[in-house]
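Protein sequence lines correspond, in order, to chains X and W. Read in the working numbering, the first sequence has 725 at position 195, and its numbers run on one by one without any break. Read in the working numbering, the second sequence has 186 at position 137, and its numbers run on one by one without any break.
There's no promise every hint is true.
[Said to hold, decoys possible] So the derived list for chain W, only partly shown, Cβ under 10 Å to chain X, looks like this: (1) Y105; (2) Y107; (3) V112; (4) Q115; (5) A131; (6) V143; (7) L292; (8) N293; (9) P294.
Worth flagging that the hints you see were computed from the coordinates, not collected in a lab. Being a predicted model, the structure only gives us computed values, none of them experimental. For each residue, glycine too, the CB sits at the ideal point set by N, CA and C.
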Amino acid sequence: MARMIIDAANHLAGYAAKAARVKVVAAYPITPQTTVVEKIAEFVESGEMDTEYIRVESEHSAMVACIGAAAAGVRTFTATSAHGLALMHEALHWASGSRLPIVMAVVNRAMGAPWSIWPDFSDSLSQRDTGWIQFYCADNQEVFDTIIQAYKLCEDERVFLPAMVCLEGFILSHTYMPVKIPDQEEIDDFLPPYKSGWILDINRPLSHANLVSPEWYMEFRYMIQEAMENAKRLILEIDKEYGERFGSEYGGLLEKYKCDDADLILLTMGTMGSEAKIAVDGLRKGGLKVGSARVRVYRPFPIEEIEKLAVQAQMFTAIDRHISFGMEGFLATEIKASLVNQKDPPLVAGFIAGLGGRDVTAGTIEKIAKKSLKWMRVGKVEKETEWVDLRE
Amino acid sequence: MVTIKELPKEEYLLSGHAACAGCGPAIALRLLFKALGNNVVLAVPACCTTVIQGPYPYTSFTVPLQNILFEATAAAASGIVAALRQRNLKGITVVGWAGDGGTVDIGIQALSGAAERETDFIYICYDNEAYGNTGMQRSGATPFGAWTTTTPSGKKERKKDMPLIMAAHRIPYVATACPSYPIDFVNKLRKAREIKGTKYIHILAPCPTGWRYDTSKTVELGRLAVQTGLWALFEIEYGKFKLNPPSDRLVDEAKRKPVKEYLALQGRFRNLTEEDIKRIERWVDEDWEQYRKLASNSASDFASYGKI
Chain X
531 MARMIIDAAN
541 HLAGYAAKAA
551 RVKVVAAYPI
561 TPQTTVVEKI
571 AEFVESGEMD
581 TEYIRVESEH
591 SAMVACIGAA
601 AAGVRTFTAT
611 SAHGLALMHE
621 ALHWASGSRL
631 PIVMAVVNRA
641 MGAPWSIWPD
651 FSDSLSQRDT
661 GWIQFYCADN
671 QEVFDTIIQA
681 YKLCEDERVF
691 LPAMVCLEGF
701 ILSHTYMPVK
711 IPDQEEIDDF
721 LPPYKSGWIL
731 DINRPLSHAN
741 LVSPEWYMEF
751 RYMIQEAMEN
761 AKRLILEIDK
771 EYGERFGSEY
781 GGLLEKYKCD
791 DADLILLTMG
801 TMGSEAKIAV
811 DGLRKGGLKV
821 GSARVRVYRP
831 FPIEEIEKLA
841 VQAQMFTAID
851 RHISFGMEGF
861 LATEIKASLV
871 NQKDPPLVAG
881 FIAGLGGRDV
891 TAGTIEKIAK
901 KSLKWMRVGK
911 VEKETEWVDL
921 RE
Chain W
50 MVTIKELPKE
60 EYLLSGHAAC
70 AGCGPAIALR
80 LLFKALGNNV
90 VLAVPACCTT
100 VIQGPYPYTS
110 FTVPLQNILF
120 EATAAAASGI
130 VAALRQRNLK
140 GITVVGWAGD
150 GGTVDIGIQA
160 LSGAAERETD
170 FIYICYDNEA
180 YGNTGMQRSG
190 ATPFGAWTTT
200 TPSGKKERKK
210 DMPLIMAAHR
220 IPYVATACPS
230 YPIDFVNKLR
240 KAREIKGTKY
250 IHILAPCPTG
260 WRYDTSKTVE
270 LGRLAVQTGL
280 WALFEIEYGK
290 FKLNPPSDRL
300 VDEAKRKPVK
310 EYLALQGRFR
320 NLTEEDIKRI
330 ERWVDEDWEQ
340 YRKLASNSAS
350 DFASYGKI
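The shape of chain W in the complex, shown without the other chains (with noise of 0.2 Å):
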């Protein structure tokens, strides 16, 4: 386990990147590559790390990166993948890193297929919970009540339960994160880099853009996301379910915060109603009510997973 003095003072994400300020998933890359160091291969479909890289003729990453179609991340990966192997090079991190778009909708099917053939490649969900590079309109992602612009009144239904369908993949690894808690992070990256086979890590990174937060709130919103339930830190490691600190401390309702703290921070939740809330809550009551059911089984229901 990594502590904060530990991580290297290399930066390998270079200033000058061309992120929104305050963007959440630029602080994602900037510990990705310090967790994993250079020794990566990235493939990157259209999202906002295709804007956040730079445009021709330059870069502000110092890995190799594939730039490739929508929906077909996973896809590129496999390709990376099976040529390093065919070259007998070893030691290098094929790595995955698309929004939430591109993850959870279209390119849900080329990851399915991914992570069936047990490719061995870290996929990482940068999750903004909406189309953020063509101008927020609504994902999978996007949560309950939240303003878009393909849903100006709110969206209608709930946000897709991605890191619990990839761990139905029986794969390894699975693990949420999110920048605000970069120890973390970097501890379940060096952890999923040391594991064979296919490693999902979903990241809920907060985006003031789209959001309508202010951008010095961005490692704030991460952590209320956290201590008020909606996003729970946990790891899925061969099947086995371990909520994180801070959220394994949060089984006990009482010790959440009330969601309204991280709702009222955002300009995407002023439409909500009362009522709205109300079902927020009952929601969030749920699963956890599956995070603590899940976390006490020792034999739990993805027991066997990503073993044969």
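Bound conformation, chain X alone (with noise of 0.2 Å):
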């Protein structure tokens, strides 16, 4: 029998890896991840966790320690925020160009200076380009959930490319809920043992990660962006199945809510998107006709879900909890590189909000669409970027 348990996000992270038997965790404590990295020694001390836990002296070792442990043969599990994201930066290409399933939470952090503890995007979109599958989660349910989903993806021989699990920091870190575990039975039915493409073998041995010409690098590139394509259909599959299984379904790649009728949709990543349920509720009521469609899977970037709501609604308002300085969020961004072919896209505005932790509450996200509104009214969208809440 499943159980419920009320506990924060963090400590979830560190249940769903122990669910997934996970057997090497390298890793290294920054505010707000710490909690996922005690519940996990807490778990191994007690000997509930058969795993080797490398209390590495950084975290590009964290990283480094994961990469030759799951080139080594086991699976693995490393968290981080921020500035610690930030030092693994070189190491994320590595793991991803090794194509190794290696599964991260990333519990989301302002980047500094000035220093900052409270959650924004601007670490993990930093590391867009890294080849990283990257998650984006509303709930501490979904935390759980998406890490063992990660693995089955991760391994699968169409993907082998590691994923990256973000949780806005506070905002669900350190937030208790009731969450649903399920048996450990269930799960191991779920998620096979490891598997990965390759391996250090002593009796079948490479170099791994060698010199290679540009008569050869192209073709491997490829080869990354063949997998998260692929992934782009398996992240579904294997969302229905986990629903099927255990009862939560998160819309694979994109999570609609009131789309169907919906004239403007509210485009969000993380928390934000259940603030924007809630806002869609209260604006509904009042005759508006909205709906919010939270953008779960950031990469691969669900292009093609996009351009579905798109044929219909008549304007997308991003919600960005990032900047990409001198540009806009990359959300905003990334709609509108998804619209540049249709026929008659819907118009397209960039909401910049919640940086550093500021809140956003379904009140900010009601006035961002009452304000999308007028300009859809209008047929123009009056300002490219719009910073809410902004002190003068």
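Join the two chains, each given in its own frame, into one complex according to the hints.
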């Protein structure tokens, strides 16, 4: 029988690593990730997890130790935040380039300077091009479920890529919610033992990741792109299978809410997706046809789903907990890019909100929606990127 | 103790590898495999060995090799060791094999961490005293006075003493070696393999390309480095310091060859003044005074190392 527990998302990431029977964890502490690795340390020392926990001296070494362990044939897990993730940067490329199915929880935190410990997506979105699959979670149940799903996805031979499961610091990481934990046997049945595309094997000695000339390099990159495309299809399949078995389903790459007849669709990521649903309900009470689409998987990006939504909607509003300085939020950019070849595409507006942990409530989102609707009615986005609740 | 006749005839480093003619590290690699056989997994960062192994889809190595990031050899080895233990695979030696830049400079943090965690592996620094793969820029292991492409008038600082830094981690085994003394190196590797915990071996590996000497003189230069006392062969086993032949006979200053014999053969030391050479001689004497103290003191400064 599955059991209900009430716990914080960080602890649930630890529960998920345990449920996935991870064999090696290599991690370094950073706020707000710390309670993930503390939970795992507890599980390992109590014997509940049969796992080697390598208490490395930096995040860079954490990722590289995971690479070494995954290459030597076991399932690995790590977790980090913000500057820790940035320190891993080159190792992230190495993990995906090596096609190793490492899963990492990223407890989102804003990047300094100045120091901030509060959430936004500037840490994980800065790693957009590293070849990692990126999931963004809206609640604690999704954190647990997505980590389990991520292993199944990453270890599929059509994928063999690493994945980040992102959750916003404090909003989720330290917030207690009821969560359903399936039976271990059921999880074992869903998630087969570790599989990778290659292994460091003394009986079949190979030099892995050695120098590749221009004659071959592009083909290796193309294979990663193919794997990302395969992942799109598999994410849907795995989400569906997980839903059938355990009862929670997330719409694959894009979680849609009341989009069918919507004139305006609010596009968000992470917990803003939960707030957006409440905002949509409020707006609909006032007779406004608004829907919400939460981008659950940012890489691979759900271009096809966005295109489908665009057929019917008149306007898209992207709300970004992120800014690419000198441009706009990444979500806005990617949505525009997804629509560029569409006939009669909807208007697209971009709003920057919630940087460095500033609260984004359903009320904030209603305000954004109303402004968007005004622009929609006149057929013109008056401001390409609007910063929400900015002090003058 | 192995003799030269007992070394395996098998060649585990295949011919056709891409090292420069006269490469000291390539000799050391050949000996590494002869000493340990092929029950070995290697972690190799960006270094000359990236080139030596050959480009994809070829390799000159007959053991599994994980190429890894420049500063991360010891971290990769930590992961490999943990995974092999989880898989209950016994009898495989995990070796980190890195150059001097990847060890004493950019890789020192990961190495220090792995040693502190008592990771069960052998870390070997093959030291050609500069960033060789990138065209001979100075490293923390470049000796005083040496020309490099980033110290065109000679390096102004001394070489970092990495073996003693590693000894300060209280690991069970630290040794120095040189491919000019193959039996000494092989014996140290075999001893290291039998010890549990972190083992560190630092090899002085002459580099004709960077040191500017004739490719036929690699073995001779390694010998001269030892005979002049500029490079001492020693081991620190569970804290006990011991000089190995022929260095054990060189505590007496009179037995050491003049450092000039070593320096004069190399283009990189061409700009040394008489005064520079006197300073180098003085430092050699100081080093040997330290070795003498360490060797003569049975309850040495390192006595409790490697034990809890």
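Against the structure, the hints come out as follows:
1. Here the hint on Y105 of chain W is kept, as its CB sits about 5 Å from the closest CB of chain X, short of 10 Å.
2. Annotation: Y107 of chain W was flagged as interfacial toward chain X, and the flag holds, the nearest CB pair being 8 Å apart, inside 10 Å.
3. Taken as an interface hint, V112 of chain W checks out: its beta carbon lies about 5 Å from the nearest beta carbon of chain X, inside 10 Å.
4. A cut of 10 Å between beta carbons decides the hint on Q115 of chain W: the least distance to chain X is about 5 Å, and the hint holds.
5. The beta carbon of A131 of chain W is positioned within 10 Å of a beta carbon in chain X (closest approach about 4 Å), and the interface hint is therefore held.
6. Below 10 Å, beta-carbon pairs count as interface contacts, and V143 of chain W has one with chain X at about 9 Å; its hint therefore holds.
7. Residue-level restraint check for L292 of chain W is violated (minimum Cβ-Cβ distance to chain X is 32 Å; threshold 10 Å).
8. Given hint, N293 of chain W at the interface with chain X, is violated; its Cβ is 30 Å from that chain's nearest Cβ, farther than 10 Å.
9. Residue-level restraint check for P294 of chain W is violated (minimum Cβ-Cβ distance to chain X is 33 Å; threshold 10 Å).
When the structure is compared with the earlier hints, violations turn up for hints 7, 8 and 9 and for no others.
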